[in-house]
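Please build the complete structure, drawing on both the sequences and the hints.
Going by full-length UniProt numbering, the sequence shown opens with residue 1, and the numbers climb by one from there.
Hints may contain errors.
As the list claims (entries may be wrong) - Lysine-lysine pairs mimicking DSS-like chemistry, simulated, CA-CA at most 27 Å apart:
(1) Lys54 x Lys140
(2) Lys54 x Lys121
(3) Lys54 x Lys35
(4) Lys121 x Lys35
(5) Lys54 x Lys154
(6) Lys154 x Lys35
(7) Lys121 x Lys140
(8) Lys154 x Lys140
(9) Lys54 x Lys146
Said to hold, decoys possible - Have a look at the derived ranges for each label pair, beta carbon to beta carbon:
(10) Gln120 x Asp14: 20 to 30 Å
(11) Phe30 x Ala253: 20 to 30 Å
(12) His25 x Pro48: 23 to 33 Å
(13) His25 x Gln152: 22 to 32 Å
(14) Lys121 x Ser79: 12 to 22 Å
(15) Ile241 x Leu145: 42 to 52 Å
(16) Glu142 x Asn27: 26 to 36 Å
(17) Leu261 x Glu142: 52 to 62 Å
(18) Phe30 x Ser102: 26 to 36 Å
(19) Leu249 x Thr101: 25 to 35 Å
(20) Asp14 x Arg56: 22 to 32 Å
(21) Thr268 x Trp92: 49 to 59 Å
Hints are computed from structural coordinates only; laboratory data are not their basis.
We put the CB at the ideal spot given by N, CA and C, even for glycine.
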Amino acid sequence: MSMIFFACVVRVRDGLPLSASTDFHFNQDFLECRKRLKVLSSILAQYPSRGTAKGRDLSIHFVSSGDIACMAICSSNYSTIMAFCFLEELQWEFAASYDTTSISLASRPYAFLEFDNVIQKVKCHFNCVSSSQTKANWEKIEEELKFQPPVQLKLEDTELMNGITNGGHAGVHVEVGKLLLHTGDSRLPEPNFANDRKTCNSSRSFCTEKYMYHCYLYLFYSSARKVKTFVLFFSVCLCNIYLYGLRNLWQIAFHIGVASLSSYQILTRQLMEKQPDCGV
1 MSMIFFACVV
11 RVRDGLPLSA
21 STDFHFNQDF
31 LECRKRLKVL
41 SSILAQYPSR
51 GTAKGRDLSI
61 HFVSSGDIAC
71 MAICSSNYST
81 IMAFCFLEEL
91 QWEFAASYDT
101 TSISLASRPY
111 AFLEFDNVIQ
121 KVKCHFNCVS
131 SSQTKANWEK
141 IEEELKFQPP
151 VQLKLEDTEL
161 MNGITNGGHA
171 GVHVEVGKLL
181 LHTGDSRLPE
191 PNFANDRKTC
201 NSSRSFCTEK
211 YMYHCYLYLF
221 YSSARKVKTF
231 VLFFSVCLCN
241 IYLYGLRNLW
251 QIAFHIGVAS
261 LSSYQILTRQ
271 LMEKQPDCGV
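Structural data, given as structure tokens:
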């Protein structure tokens with residue numbers, strides 16, 4: 001199907017993701033394309049203002065201007081001109097919403113995650129309209145592309161870029177556990193764009209230990225169980241408050257809800273009475 005699957009806004013100088021559409025696609029080709037988009041976003045300053053990385057099924061398009069760049073993953077049969085029309089409109093919307101000072105001072109990934117609402121609206125519009133419905137913008141972009149064609153890349157080329165930018169190491173694969181371990185992994189909306197291997201591993205280790213200890217308190221009796229349970233619960237709440245901006249309110253509510261349920265189960269669980277020895 002010819003469509004736009006994903007879009008994001010990044011800072012050109014360092015590839016810091018500023019906002020992105022919170023679309024979850026678990027297709028392996030899409031996940032590979034996301035990893036390559038991450039690599040490409042870190043070196044956009046080396047390229048002209050427009051470019052396309054073509055793949056067999058999926059392609060990456062990008063437009064940069066000033067401090068920001070807009071990137072999109074589209075099906076390979078999606079019109080290149082329409083893709084650039086989409087990115088130009090997205091860039092205009094972002095520039096109209098945020099000033100250059102706040103963009104320059106952004107220090108953590110997805111500082112403008114609320115812009116996702118605009119991304120989704122524009123993406124939905126371009127997935128539904130035809131070229132004739134955007135004729136004026138289409139003709140303008142078409143003329144610009146004839147005068148200055150976008151740089152052409154291959155998705156396979158980003159494998160080499162990945163080796164250079166990461167010292168030859170492959171990217172970190174974050175796996176999703178079940179329930180408590182799933183909440184420990186945080187399922188941030190792909191904010192691992194700007195995190196390095198060390199940060200990802202530290203976060204995973206901390207969260208895994210915390211939620212496994214929750215499981216331990218539920219399964220085994222421990223002295224001062226109430227105190228430990230409350231400390232763990234409040235640590236979960238504090239972590240979610242700290243991560244506000246990387247998660248939306250539904251995700252925060254989900255994680256706190258799971259922590260509340262597990263804490264309640266720990267506190268209300270009764271020890272089994274030891275049965276009298278009736279053996280002869």
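Evaluation of the provided hints:
For a cut-off of 27 Å, the pair hint linking lysine 54 to lysine 140 stands: about 23 Å separates their Cα positions. Annotation: proposed proximity of lysine 54 to lysine 121 holds, straight-line Cα distance about 25 Å (limit 27 Å). Note on lysine 54 and lysine 35: the hinted pairing holds, with a Cα-Cα distance of about 14 Å set against a maximum of 27 Å. For the given pair, lysine 121 sits about 24 Å from lysine 35 by alpha-carbon distance, which is consistent with the 27 Å threshold.
Pair hint lysine 54 plus lysine 154 holds up; C-alpha atoms about 5 Å apart against a cutoff of 27 Å. Straight-line distance between C-alpha atoms of lysine 154 and lysine 35 comes to about 14 Å, which keeps the hinted pair within the 27 Å bound. With a C-alpha separation of about 22 Å, the suggested pair lysine 121 and lysine 140 falls inside the 27 Å cut-off, and the hint holds. Among the hinted pairs, lysine 154 with lysine 140 is consistent with the structure: their alpha-carbon atoms are about 26 Å apart, no more than 27 Å.
Restraint check: the Cα-Cα separation between lysine 54 and lysine 146 comes to about 18 Å, which is no more than 27 Å; the hinted pair holds. Between glutamine 120 and aspartate 14 the C-beta distance comes to about 26 Å, which sits within the given range of 20 to 30 Å. Distance hint check for phenylalanine 30 and alanine 253: the Cβ-Cβ separation is about 27 Å, which falls inside the suggested range of 20 to 30 Å. Remark: the range hint 23 to 33 Å for histidine 25 to proline 48 is upheld by a beta-carbon distance near 29 Å.
Between histidine 25 and glutamine 152 the beta carbon distance is about 25 Å. The supplied range of 22 to 32 Å therefore holds. For the hinted restraint 12 to 22 Å between lysine 121 and serine 79, the CB-CB distance of approximately 20 Å keeps it satisfied. Between isoleucine 241 and leucine 145 the CB atoms are about 46 Å apart, so this pair conforms to the stated range of 42 to 52 Å. Look at glutamate 142 against asparagine 27: about 31 Å separates their beta carbons, and that is inside 26 to 36 Å.
Range check, leucine 261 to glutamate 142: Cβ separation about 55 Å, and the 52 to 62 Å hint holds. Take phenylalanine 30 and serine 102: their Cβ atoms lie about 31 Å apart, and the range 26 to 36 Å holds. The supplied range of 25 to 35 Å is met by leucine 249 and threonine 101, whose beta-carbon atoms lie about 27 Å from each other. Under the hint 22 to 32 Å, the C-beta atoms of aspartate 14 and arginine 56, about 30 Å apart, fit the expected range.
At about 55 Å, the CB distance of threonine 268 to tryptophan 92 agrees with the hint of 49 to 59 Å.
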